[in-house]
Each structure stands twice: as C-alpha cells, then as structure tokens.
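Listed below, chain by chain, are the residues.
Protein chains: 6
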Amino acid sequence: SQPLQDFCVAINDTKNGVFVNGKFCKDPKLANAEDFFYSRLNIPRNTSNPIGSTVTPINVAQISRLNTFDICLVRIDYAPYGGLNPPHMHPRATEILVVLEGTLYVDFITSNTDNCFITKVLNPGDVFVFPVGLIHFQFNIGNTKAVAFAGLNSQNPGVITIANVIFGSNPPINPDVLTKAFQLDKNIVTYLQSKFWSDNN
Amino acid sequence: SQPLQDFCVAINDTKNGVFVNGKFCKDPKLANAEDFFYSRLNIPRNTSNPIGSTVTPINVAQISRLNTFDICLVRIDYAPYGGLNPPHMHPRATEILVVLEGTLYVDFITSNTDNCFITKVLNPGDVFVFPVGLIHFQFNIGNTKAVAFAGLNSQNPGVITIANVIFGSNPPINPDVLTKAFQLDKNIVTYLQSKFWSDNN
Amino acid sequence: SQPLQDFCVAINDTKNGVFVNGKFCKDPKLANAEDFFYSRLNIPRNTSNPIGSTVTPINVAQISRLNTFDICLVRIDYAPYGGLNPPHMHPRATEILVVLEGTLYVDFITSNTDNCFITKVLNPGDVFVFPVGLIHFQFNIGNTKAVAFAGLNSQNPGVITIANVIFGSNPPINPDVLTKAFQLDKNIVTYLQSKFWSDNN
Amino acid sequence: SQPLQDFCVAINDTKNGVFVNGKFCKDPKLANAEDFFYSRLNIPRNTSNPIGSTVTPINVAQISRLNTFDICLVRIDYAPYGGLNPPHMHPRATEILVVLEGTLYVDFITSNTDNCFITKVLNPGDVFVFPVGLIHFQFNIGNTKAVAFAGLNSQNPGVITIANVIFGSNPPINPDVLTKAFQLDKNIVTYLQSKFWSDNN
Amino acid sequence: SQPLQDFCVAINDTKNGVFVNGKFCKDPKLANAEDFFYSRLNIPRNTSNPIGSTVTPINVAQISRLNTFDICLVRIDYAPYGGLNPPHMHPRATEILVVLEGTLYVDFITSNTDNCFITKVLNPGDVFVFPVGLIHFQFNIGNTKAVAFAGLNSQNPGVITIANVIFGSNPPINPDVLTKAFQLDKNIVTYLQSKFWSDNN
Amino acid sequence: SQPLQDFCVAINDTKNGVFVNGKFCKDPKLANAEDFFYSRLNIPRNTSNPIGSTVTPINVAQISRLNTFDICLVRIDYAPYGGLNPPHMHPRATEILVVLEGTLYVDFITSNTDNCFITKVLNPGDVFVFPVGLIHFQFNIGNTKAVAFAGLNSQNPGVITIANVIFGSNPPINPDVLTKAFQLDKNIVTYLQSKFWSDNN
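Chains as they are written, first to last, in the numbering used here: chain A, 1 to 201; chain P, 1 to 201; chain Y, 1 to 201; chain Z, 1 to 201; chain V, 1 to 201; chain H, 1 to 201.
Read the hints as simulated data drawn from the structure, not as lab findings. Ideal placement from N, C-alpha and C gives every residue a C-beta, glycine not left out. Honestly, I wouldn't trust all of these hints.
FRET-style restraints, in silico, Cβ to Cβ [what the hints assert, rightly or not]:
hint, chain 1, residue 1, chain 2, residue 2, range
1, P, Thr-190, A, Tyr-191, 12 to 20 Å
2, Z, Gln-2, H, Lys-195, 29 to 37 Å
3, V, Asn-123, P, Ala-33, 44 to 52 Å
4, Z, Leu-30, Y, Ile-188, 51 to 59 Å
5, V, Asp-185, Z, Arg-45, 49 to 57 Å
6, Y, Val-121, P, Lys-195, 43 to 51 Å
7, H, Pro-28, V, Asn-49, 53 to 61 Å
8, P, Asn-32, Y, Asn-49, 29 to 37 Å
9, Y, Ile-188, V, Leu-30, 29 to 37 Å
10, Y, Lys-29, A, Ile-188, 51 to 59 Å
Chain H residues, not near chain A, derived (Cβ > 12 Å throughout) [unchecked claim]:
hint, residue
11, Asn-32
12, Phe-36
13, Asn-42
14, Ser-64
15, Ala-79
16, Thr-119
17, Gly-133
18, Tyr-191
Subject to a maximum C-alpha distance of 35 Å in a straight line, what follows is the list of computed DSBU-like cross-link-like pairs (lysine-lysine) [as the list claims (entries may be wrong)]:
hint, chain 1, residue 1, chain 2, residue 2
19, A, Lys-145, A, Lys-195
20, Y, Lys-145, Z, Lys-145
21, H, Lys-195, V, Lys-120
22, Z, Lys-29, Y, Lys-195
23, A, Lys-195, P, Lys-195
24, V, Lys-186, H, Lys-29
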C-alpha cells in the first residue's frame, strides 16, 4: 500500500459489516498521540506453552495509525532449552530480526526446486533477514530464555504456521491428501489431525 | 514490477555472474515474435510420478518477454484416481485456475489464527482463486485424468511445496525442530527426512 | 493493488452511491467457497455476431473474491472463417493467451514512433503475450471455430475496442476530428458514426 | 517504479546491447545540475504538418535524472484553425493538461461497454485530466495557435496514435482484419494503408 | 496508488466522519466533465505576502477526478526582487517544473551524509526536477515577477515548509530541542517561535 | 520495490561505474548465510558528539540481501541529559520505534497547512510510529542514556537532518534565501553556515 495523505488512522467500526482493503480511517483532525502509540513491549511474555514461544505483534490491530504504512513490529520470547517459533511464513512481509537475549538457531528455506536451507546461529546483537513468503523458524539452543525484536514491511503481515495449517485446519484437510503429500501412514495423519495445535501468536 | 517501456525481453546472459531484480533485457530493436511465444501447452504431460501430477510453467524462464510484466501461465496434469498437486504456495502470486478436464477437490487455508479451510469440488469449466501466499492444493477425485490451466500475477511466482521444504531441504532441518513443530516421533521425522521428495514442477 | 489481508471479498452494495478504488468488501468471517468460484467456462459461446467472436470475462464482477488481487481470466470464442477479436487494448493489464482450439493470427503493435507490428500464427497449445496498453487482435484464419483462454493481471483490466471507441462513442466525436485524424472523407466518417458497433464483451 | 536512492541518473551507454527495466545509471557522485535540466520549452514549435500539432516531450530521454521517478512533462503546439493532437493514448501514464494559449476542444472516451465520451472546451488557464490508457484528443477550434503544457506520471509514458497504429504499422495489418473491424470497404482500407501517417511526437 | 477502474471521482461527503486511503468516490455513471476540470490557472496570483510567492495547487481537492491517479499540477507566482518559494519538500511526490516568466535560482539538496547542494539559474522555457522527499526552493533573482508551472506525481503530494514546521508548529516544539539542533541561542529560538509564519500554499 | 525472485543479494561491484535502481546482485547460487547477517547491534555506541546521539543503520549497505526487500533496521543511542536525534525525515520510509532503555520525548509534525505537532513521552517498551517524509525527532529527557531500535520500510530510507541540510550544505545555500525563509538576521545565517554540522548517522 501507499499512503495518499499524512496518515489514515484505522477505526474498528466497520459500518454495518462493510470493509475495505486495509481499514476505514477516522477524521484526521481527531487523530492524537494515543493512536500512534503502544506500550509495555519490554515486559517478558509467558512462554509456558507446548511450543515454548510467544509472539507479540504490534501491527495495525494494535497501533491504528499503521494503516496505509507498510510496517509493523513484533517481540518474540523463547523458553530456555528448546523454545521454538515453529516453521511459518508471512504471506505479505519480509522480516528483519535482531536478537536481544539468548542464542537462536535460525533458518529459511528457498522455493523449489532448490529448497536450499540457509541457517545461522545468532547471539545477542545479531541481525538476520527472512524474505517474504519463505518458510523460516527460530529455535532457542541456549540454556536461558531468548528475546528478539523484528520489523516486518506490512501493516498486517499474516502468519501461516505450517503444522497448524496442515494438521489443525478447520474443517480438517482430507487425510488422503496429507497421507500422499507427506508420505505418512494414514493413521499418523488422522492422529495428528486429532491433536490440539497451539498457536504462539 | 511495473514496465517502464513497451517491453524488456529478458536475456539469460548474466554478464559475468551479475544479476538484477528480474532480468537483464536485450535491445528492443532485436525483439521478435519468437520472444513472446511458447508452444505445445496442449500436449498431455506424463504424471507417472509418486505425487501423480505435473506442473508445466510458462513464466519468464520460458517466455523471455514476460520480464517486467506481472503475469504467467501454468498447465497442470493430474493422474486419475488421486493425482495430487500437493499443499504448496506461491510467495509472489495469486492464482486463478480453470478446470479443462476431470474433477478436482481444491482448497486453500487462511492464515492464523483462524486457519479456516475453504474447499470446493470443481468440474470442467469451473474457476477458482488461490490468494497470494496461502497454502492450497488440488486433488483429482475422479476416475479419469484431469487438466487445469491457471494464470498467476507474477513473472516468477515461486513455488514452495510444503512437504518438500519441510522434510526434503538440503541440508536437512534439525530434526528436533520438526519433532517439536509437527508433534511427531523423532524416528518418523528422521525417516521422512531420509526419503526422496519428488518435485512436480 | 496489493492485498492488505488474506482476502477482501467484494460486495455490490455501494452504500448509497458511494464507491472506493476497487470495491467495498464483506465481513471476512462470512466469506465462503461460493465467493471464490465461477462455473461453466467450458461451454462454447455463441459467436453469431457481426464480429464473429465472444469474450467471456471472469473478473471481479463475476468472482467477488478477486477484489484486491491483480488477476482475472477470460474465455474467447471465435467463429470459423474470420471470427475476429478486433483491435483493442486493456488500459490496466498485460495478457497471456493460450489457444485451445483452432488457428489464430495474432498481433500487437508497439507504441510510437516505431509502430512495429509483431505477428504470429498460433495453433492449439501455443501461448502469446500482449503487453499492457498496446493494441492487439486475434483473427481466426482456420476453417473451424477457435477457442482461447487468457490470464490478465488486473481484477478489472478494462477493454477499449478501437473502432467502437472511435466511431461508436456516445455522444459521437466531432466528425472533423476523425476526418483529419483518419484521413477519411467526411461522408465516410458520418456514415461510420451512424452504424451500430457491436461489442463482443 | 519507485526510487531506491536519492536519484539514479540514466546513461545511454547500454553496455553491449544489454538493457534493464528503465535505464542503467551513472555514478551518483558524478551527477550535476545539467543532468536535471532541459531548456527552451518556451519556444513555439513549428506545426506545419498534416495534423497541425507538435508534441515536445521532456521525458527520461531528455532529462536523464527522471529515471526511477514517475513523472515527465510535454509542451503541445496546435496550428490555428484545426490543429489536432489526434486520438491517442498513453499506455503507462495519466495526463493533466493546462492550456496556455488558444481554445481547445478536448475529450476522452471511457472503456467498454459504455464508451462514454466526455468533452469540454478549454480556454487559457483551464485544466483537464486524461486517465491512463483511455483514448483522448485535443482539437484547436480557435482562430489562433494554441499551446498547452501537461504533466504525465511516467518517465516514459509511451504514445499510441490510433490512426497511425491501425493504418500505418510496419508491416501493415492484414486488411481483412481492418475491413471487418472498422466496417470499411476493403479498397478504402488498402488506400489508407498506402498513405503516409505523420507523427506529431 | 493504482486505479482499479477507469476513474473514481472523489466526493467530499465523508459519511459520518469515516475516511479511506485517498477518497470515497461517486457513482461513475454520474461523473461529468466538470469533475475533471479546473479553470483560471492563467490568472496571476497576488504575491504580496512576507515570503513573496503564492502556490496554487490543482490536486484532488480541486479536481475530484484526480483520485486514484498519481498526478497533480501547481502554478507558482513569485514577486519581483526576491520572491521565494522557501525551502520545503513533498513527502509523497517528485516535481518537474517549467519556468514561464522570470529568472529563478533553484536548488535541491541530497540526503545525508553528502548534503550535496545542486543549483541552477532557470530562465523561461527551462525545466528542472526535484526528487521526492528532498528539500528544495526557488528564488526569484530577476527584476520582474516570475511564474512557473509544475507537475507532481501524487494526487496529494503534501508540502512541508521547513521553517514553518520547525518554528511555527502548533503547539511549539520544545525550544531546548531547537536550540541544540540548530546551534542557536535559546532567545533567538523563542523569538522565532513567537513570530507569525505565513504559508504560501 | 518488489522482489521478482526469492532474493537478489546486492554486490558492490558497480561494473565500470554503472548502476541500477537499487543494486546489482550476485549469482543466487553463491548466496550464503553471511549475506543475510550482521552482528554486534547489542554494543552500546559512543554518543560523545555535539548532538549526543548515534544512529547505527542496518540497511542494504550492511546486509546485502536486503536488496529488493523494503525493510531495514536501526539502533539509536542517546546520551544522558539531552541526547538528541535532531529534527530529520526519511524521504523513502515510515519508521516504527521501540524504546529499550531511558525516557524519550518524541514528536512528528504533519504537513501544511496544519503543521500539527504530535508529541509523546516514551518509556522502555513503548512503541511509536513516524510517517514517511514527516519531520520528527527524539530527545532524551532522562538522567540515563537511552536506547531505541526501529524498523523502516525501505532498503535505503535516506536521512535528511534539517539543520545540516539547511545550514551545512556544500556548497552553502545563498544566505539571502535563508535570511528570508527563516526570518533570521543575515549575520546569524552566515555565522550558522560557517559552523561544523556533525552528523549522527
């Protein structure tokens, strides 16, 4: 998107269920500093979930003024000993991540037909880039909790967590498709589809 | 991308390993009809591979004149009784597909946190849309082979076949990551990583 | 355009005559598979009109979910012995066309000052590209009907059929302009302006 | 296009026949004021040609610094008593025109299926807008010469003069196509194709 | 922005204080030539203000049809002997300017760390380009009034006059910030902040 | 910009002084994890300069893989008791900033004719947005050093520090222009132009 005025602060009022690409905006004369502000991103998040990580997004849903600007921010907390921000991708954004605490093993995988896997161990102060639409993850390989901040170039990047989408969609995907695609026994597929897939976002 | 001239026909000569976003182009005075042309898309493709489908892309690699134009075309052939274009997505394109022959069960899955699964059975003449970056598949549920054509709004949409990227990357992903992300036994993960992941593109 | 969410399914309700660039959208929670679907594109169209061709567009007017996605699809039927999709252009899209049946003589013409005319005879399975804004046509030079499918990179490409715009506009263009521009006798211009200009879209 | 640096001054040196979308640029440290400058746009142009108008474009070919910036400027001179900037369109730009001298009858025509013809008589100081890809003209209906300046939002808008493209392309279009499309006698078509089509650009 | 239809004529009715990126539009069937038209840009403007210049913009606020088209036009009048269009920039547009009358000393300054100052004296018929977001000015160094026209590639370029923004904002900037940033005595800063900053737009 | 492939890792080799919009890229087969990586952003920077702040950008000059992706990252260190990131703007990016340490008084100012000044005091964990092209600053009003990280949606946002551009350009701006524009005594202008303007980038 491209702003056509200084700012267009999003409103949540959808006017009888009608939407636009992005968001409706409020009168710019009524905009104030609170519209551009979000707080408490310094507070450590609870990571006691099965995946061991928590993503705190600051996108257009949190800062209404981000509407029409292609940018947002996230904080990611990782549990010690294996906290994982699992394989996922953003359909509408590239991500640049900086590690604040801990040691992360990170990767992204290129598209077909190479499926080249590019990986790196990151320590505090290290920066890494994950291109739009490519699958990537971060894995805490240290003994302490880890924290990272990241910028993404969309007001609403979207997140597609691969395992959740594949095995946890509602309604479930036809198990014959997954059996064939993932070369798994059908019993394993239906077992996986019966599980609860926690979402760290 | 946005064309800044009538056309900019791609050349493959990369001038000593140097590239640009998209492609270098040849002198427009030397462009001729062959640069804009590709043939034999009507010939049925062989689908005798483990997945039972073959994708034939006509993108900037096949028609050099597509460079700077956000469009390409694919033909997809599906084997009878279960030919599958497995769960995948295109990081740089939305797709509009029309069925020419056969009966396809198709879907796409929305991004978190809904992971809503939208599905439809398509017969010849039916048209369906798969949004940019969302995971989708087509599955031949008929007794005959199936054929579809699709337009995508990129000169080089990219294809990320989920199973291949997750289990078949080179080098392999750390199996601890996959064990945790997919809630699979580690033995199954390492077994899957040892398999050959055929690519239908 | 660029989608700022997974999808933004167009609604036709314009809320008291108010419009936006593109379309207003409905609540994404109410989206269903029918919004993404169109059928019967396999049925041959009637081409018994003066031009001998019929274009069947599947754009945002037919598939409401195409809104915000720069893509659409058309089917074109050509009568045997001279069915013509007459000289026209799309102000908002490049087109990639594949021939399914018949033999088409196709062209496009570059912009000034070259006005280079690039032409090709296409048979089933042949693919050709028509750049955004350039005038092009397809002419059935075979003895049988012809059929083509094409993808265009806009949700609403627009069609400007040159003869209709020049001689059939409402109200008519000042005939002195056309007499001078086309170097025609003024009587011929006024005669052409009095004719009925059929539209194959 | 979108600039990715302060400026990228075009060079004409194409490095052995290799091109890019837009232009190659010179070292920004070598840029100087002459790269951003063009003069003598105040000099009346000679309009003694069959069409009675002359267009003087200042695009990336004249000001090399326009490269990557979506903007250019034109001066248009019209002969008294019928000077015509004939029906044409720009495949890559919208145009905003201001009349400096004289009285112009201007129009543009919307795309199918309306082909609505919107027209206005403009006097000095009047401003009018011609949307991207739509056919438009200006016709001097006054007794004196006329002059207009216009801004277009492309570094290289392209110009497609309809009559020249249709009847003056090289090689010529198959006359059967034009006979059918324009509902003209074939003799008139071949006569028109034999003429010289002057270009006012 | 990118038009998704032939045109989308802006309306000022904001429907209960709700806005969109750009503008809401009226029913295209109700569009008429007046929507595309503005007059009297040939009339010299009064420049008897402290700065000695007047900018007359023709953007989406004046021509409602410019909505969705990235283009607008301005007329600038400069008083004799020092009329100044003071240092300013447009956050959303590149500008191409042509001098109609008078002699202007113009410049723009590149971004850090070079802050290179590119300057030129322009006479009638001279054309110059000011890149998006870079600070520039025009200064009448002749003995007569000067007039220029300019095209900008936005429907609403925005104008940020540096002195007005720095010393005339409402409420005022903390004077300690300006004292430090501009290396000025704090008394001068508070004196400047107490002045009236006239706006030539 | 918009990537047309998975990534296009910038090279600095400009091939005999020739450039493109953005950067030339190296062979994607030769890309490795180092191209996507930057380290030591956790190290506090020295802020003992006249302005009392240091900006450490991680853009395409530091991470070559950012080429074609509209994103970068900066670290900003502020000295205690008045460290100032002085009034500046980015011609090609919107910024989202998060405070890690200290207390910052921040603002941005809207474009004419309102010049509305929106301000906020930020503490650790607070997030604020600065729109593209609008002038803004951050001022450390706490007794300790402050640190912030920010994401910007450009690979090369550019920085225009207002005081440096106005008074420190090379060659200097004509002092008559600044005297008039800033309503300053000419002696003050020439004194300011003689100073050294330190750059915190």
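Status of the hints after comparison with the structure:
1. P:Thr-190 <-> A:Tyr-191: 12 to 20 Å: 18 Å, holds
2. Z:Gln-2 <-> H:Lys-195: 29 to 37 Å: 36 Å, holds
3. V:Asn-123 <-> P:Ala-33: 44 to 52 Å: 48 Å, holds
4. Z:Leu-30 <-> Y:Ile-188: 51 to 59 Å: This hint holds: roughly 57 Å between Cβ atoms.
5. V:Asp-185 <-> Z:Arg-45: 49 to 57 Å: The hint (49 to 57 Å, Cβ to Cβ) holds, given that Asp-185 (chain V) and Arg-45 (chain Z) are roughly 56 Å apart.
6. Y:Val-121 <-> P:Lys-195: 43 to 51 Å: 47 Å, holds
7. H:Pro-28 <-> V:Asn-49: 53 to 61 Å: With a Cβ separation near 57 Å, Pro-28 (chain H) and Asn-49 (chain V) satisfy 53 to 61 Å, so the hint holds.
8. P:Asn-32 <-> Y:Asn-49: 29 to 37 Å: 34 Å, holds
9. Y:Ile-188 <-> V:Leu-30: 29 to 37 Å: 35 Å, holds
10. Y:Lys-29 <-> A:Ile-188: 51 to 59 Å: Violated, since Lys-29 (chain Y) and Ile-188 (chain A) (Cβ atoms, about 32 Å apart) do not stay within the stated range.
11. Asn-32: 7 Å, violated
12. Phe-36: Since the minimum Cβ distance to chain A is about 5 Å, Phe-36 (chain H) lies within 12 Å and the statement is violated.
13. Asn-42: 3 Å, violated
14. Ser-64: At roughly 10 Å from the nearest Cβ of chain A, Ser-64 (chain H) sits no farther out than 12 Å, so the non-interface label is violated.
15. Ala-79: 20 Å, holds
16. Thr-119: Violated: least Cβ distance 6 Å, not greater than 12 Å.
17. Gly-133: 9 Å, violated
18. Tyr-191: 34 Å, holds
19. A:Lys-145 <-> A:Lys-195: Within the cut-off at roughly 27 Å; holds.
20. Y:Lys-145 <-> Z:Lys-145: This hinted pair is violated, its Cα atoms lying about 53 Å apart.
21. H:Lys-195 <-> V:Lys-120: 25 Å, holds
22. Z:Lys-29 <-> Y:Lys-195: 61 Å, violated
23. A:Lys-195 <-> P:Lys-195: Answer holds: Lys-195 (chain A) to Lys-195 (chain P) is near 25 Å, not above 35 Å.
24. V:Lys-186 <-> H:Lys-29: Answer violated: Lys-186 (chain V) to Lys-29 (chain H) is near 58 Å, above 35 Å.
In summary, the structure is inconsistent with hints 10, 11, 12, 13, 14, 16, 17, 20, 22, 24 from the numbered list given earlier, while agreeing with the others.
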